[in-house]
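Asks: For this one, chain W is given, so just place chain A on it according to the hints.
Which chain is which? The protein sequence lines are W and A, in order. Numbering (this note's numbering) for the first sequence: 1 to 354. Numbering (this note's numbering) for the second sequence: 1 to 601.
Please keep in mind that the hints were generated in silico from the structure rather than gathered at the bench. Each hint should be verified, as a subset may be incorrect.
Short, incomplete list of chain W residues facing chain A, as computed with Cβ under 8 Å [claimed, not checked]:
(1) H93
(2) E138
(3) R227
(4) T234
(5) P270
(6) I288
Glycine residues also receive a C-beta, built at the ideal position from the N, C-alpha and C atoms.
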Amino acid sequence: MLWVDKYRPKTLDKVLVHEDVAQNLKKLVTEQDCPHLLFYGPPGSGKKTLIMALLRQMFGASAEKVKVENKNWKVDAGSRTIELELTTLSSTHHVELNPSDAGFQDRYIVQEIIKEMAKNRPIDTKGKKGFKVLVLNEVDKLSREAQHSLRRTMEKYSASCRLILCCDSSSKVTEAVRSRCLNIRVNAPKGDEIVKVLEFIGKKEGLQLPSGFAARIAEKSNRSLRRAILSFETCRVQQYPFTNNQVIPSMDWEEYVFEIASDIMKEQSPKRLFQVRGKLYELLVNCIPPEIILKRLLYELLKKLDFELKHEVCHWAAYYEHRMRLGQKAIFHIEAFVAKFMSIYKGFLIATFG
Amino acid sequence: MGKRSIVVLSSSDDDAGDCNDNNDDEFASKSSFSYLNNSKSRTASVPRTKPKGSKKVRISSSRSHPGKSVNPFDEMKLFCEDFGESFTGFKVSAGNRRDSKELWLDKYTPSSLMELCVHKKKVEEVKAWFEERIPTRKDEHCNHVLLITGQSGVGKSATVHAIASHLGATLCEWNTPTPTIWQEHMHTTIAGLRYISKLEEFENFVERIRKYGLIPSSSTREQQKPFIILIDDLPAINGKVSYGRLQRCLHLLVQSVRIPTVILITDYSREDTADYTSRCWDNLQSFLQSAGACKVAFNPITVNSIAKTLSKICRGEKLRITADQIDVIAKASGGDIRHAITSLQYFSLKSGSTGSGSDKIDYLDDGYSLPFGRDETLSLFHALGKFLHNKRDTENLTTSGSVYLKDDFARLPMKMDTPERVLGQAHGQARPIVDFLQENILDFVHEEAMDDAWVATSYLSDADTLLASLTGVQYKNYAIENIIQSTAASVAVRGVMFSNRHPLSSRWHAIRRPMVWQVEQSLWRNKKEILGQRTAAYNSVNLSDPSVIATEWNPVLKWLGSRAFKDSERHLGSVSGEMIHSEGYDGKEMDDDDSDEIEDW
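Chain W on its own, in the form it takes in the complex (with noise of 0.2 Å):
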């Protein structure tokens, strides 16, 4: 088992990083009933270990049981019947399911499939009703149909069920859907946060840290909890004792970011920017998503970028992610984006150097 998932933290009492969140989300489930809930917060925060652990604290550990599904659902949609496989994680408890899996189809898993969760309505042990509990992962990808449909499924099975809703950004989830959950906000924990977390699974597994090792780690981590505890398994596989000077690996696909950024720099042409095309695809072949692309790009780029030019490029990296939204295909942005900075570059360097 993978550390990050040896030591996440099992109940609300454990949480080392959200603690004030933890004990405030205990206290909101010892009152019977619970609101439907949107997690919200960058990725690597904690939102999905929160979640856990509140089902946990709900249920008890039965709600660890999970079993994997690989189900095969038949909707009908008016005149055709669409059939659709989602995987589901399921508990007696709960169901865990990601609907924008579905892709362009992910309406009808929620107005179907939710529904039809929601209707089977269990009975626990005293004969009282209770509630079952749907995670929602994602829900900031879903479209805007599946959205509203959400709305609705939410208000029409309030009685039966709860829905925890859980996204990177609540700005792409619907108004209506934001109102009728209680938003819980889930910070990128700091730096000395994740400082604190390493040392403590070290400790745990034995190891020797070298001071400032941890903060490293934690520096390079871009405050991602999850792949600050990621990166330090690989440096303990990779050589241990720590030393101070230690590499710490990083990404491939960010070594590859770094290298187009190198060739933009180094050669300003449309053949080269067809050379950078080719690379964006295998980048994009490998389901990196294209705005953390551009984003990391970007990030390359400005770091061996004069300081006049920063805030025009800047610019333009913004004005492309936002085309990138609206638009279908993301490399005619991406690829527009590297288009102006070489430009932009070229212009620059004609400039200063003649």
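Replies: Just chain A now, kept in the frame of chain W:
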């Protein structure tokens, strides 16, 4: 049953006040035809103004005899005669320059080889083929089937007819029989006759030829006179089964026939390659060739020879039509001589009495409002080549432009039609066009012109954004969708053309297939794989986002792969390792086999 396709020639009576001095012309141009299938509506609209009472509403009724098959073409001809007659009816007063009631198409059917406007070489080729086969009928090894292809109106049948008469051979034609109408069918089934499909009839025909040769030929008088079989139109096929039958049947024909046989196949629009039946025809052609048929492909007739033929007709009809006008008609016909002649006749009706040449030319020049002429079509690659090569005049001649632009925005005039028109001719959909442009534009931009490249990519990004605004709309509004599609295509094309200020000098380029398509496919596949293995391989009890898996879990697991995770490594090694190195597309390989090549247009 009985009454079908009643042709009613009715006039529009709405401008009763307008027709004053030259009633005839007014009328001729405004009359409209309508086919009415309903036998009850015999009471056609009676016009209020009857100039000279010479107009007759002619009804050609009930020409179908269930026993005898009537050629649809005959029917059409009859209809056309009606048409011609009624027109000449009006024209009596306007002049006696037209003394025949025939359609010019029939009147000027080429009867000798000299009159054909097909390219001489092709005619020679066909003639040579016939001459080789006609005298020696004992020759066993020689194949006896000639396949002539070409778009409609390039004189395929005319050539065969002319050659046949030149060689003094009798021509036996197979024409597709008239379609059976439902009512007719009902009638005959009551009478106990079975419905025979056209394909079946064709099969029977081939079988007969195979078994008996041509019966009349052997039994009748002169043995010397050779025969030629002409199969003008193969029966329509739909679906695999009937295609197979037709293929088998033709195979038999090619193998066994002893008489020179000509099969004509019309090339329908090449652009819809997705269409199953058009692909069938292509297959059929190559199949026939491999079965031993000799193929001659007729090209569209050149503008020059059309113009020559047209002016000959004009001389014959004593028409005063300028060379320019003839040229316009010839160009608009798109290499279809039949169409050109009909257009000429129509045009002469219109311009006949007014005879004013100058204003006519003006509006003929304006490519959009030609009252006749075929729609020209282009292949997608041709159009893309035009956009990408971006040929422009070397200097700006039109000084009349009232809008003064900054130098940055001013461009030389294009050496082509407006891009929208070219797009329309290419039948391209916006999405593929945008993708193709994105894939290929960088090859056409000058090595130093980074700014141009940026402008181009930026416009393509705009086009993509426009196209994306269509998705996710629940209730489709096709009108809006249409507008967005054409706007996006227009933005992309014009953007690309506008941006490329320093196009590379024309040279040969291969247009690549958009790589985005393949990238999208493999992305989708990889994502599915990640989702599928998510729970099995990642050993964790939560459903993570595929992006998180790709950016964080996979790289780390690859790092850890060999040492720490002996058990899960087996799955993972295959997922993450392969993806970057082998699963990723092999760009080079694809370039080679899938590029559609274009020359410098």
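Asks: Compare the structure with each hint and give your call.
Replies: Verification of the hints:
Of the supplied interface hints, the one on H93/W is violated, with its beta-carbon coming no nearer than about 14 Å to a beta-carbon of chain A, more than 8 Å. Using the Cβ-Cβ criterion of 8 Å, the hint placing E138/W at the interface with chain A is satisfied: the shortest such distance is roughly 6 Å. Annotation: R227/W was flagged as interfacial toward chain A, and the flag holds, the nearest CB pair being 6 Å apart, inside 8 Å. Restraint check, T234/W versus chain A: the minimum CB separation of about 5 Å is within 8 Å; hint holds.
A hinted interface residue such as P270/W counts as satisfied when its beta carbon comes closer than 8 Å to some beta carbon of chain A; here the least separation is about 4 Å, so the hint holds. The restraint placing I288/W at the interface with chain A holds, with a minimum CB-CB distance near 6 Å, inside the 8 Å limit.
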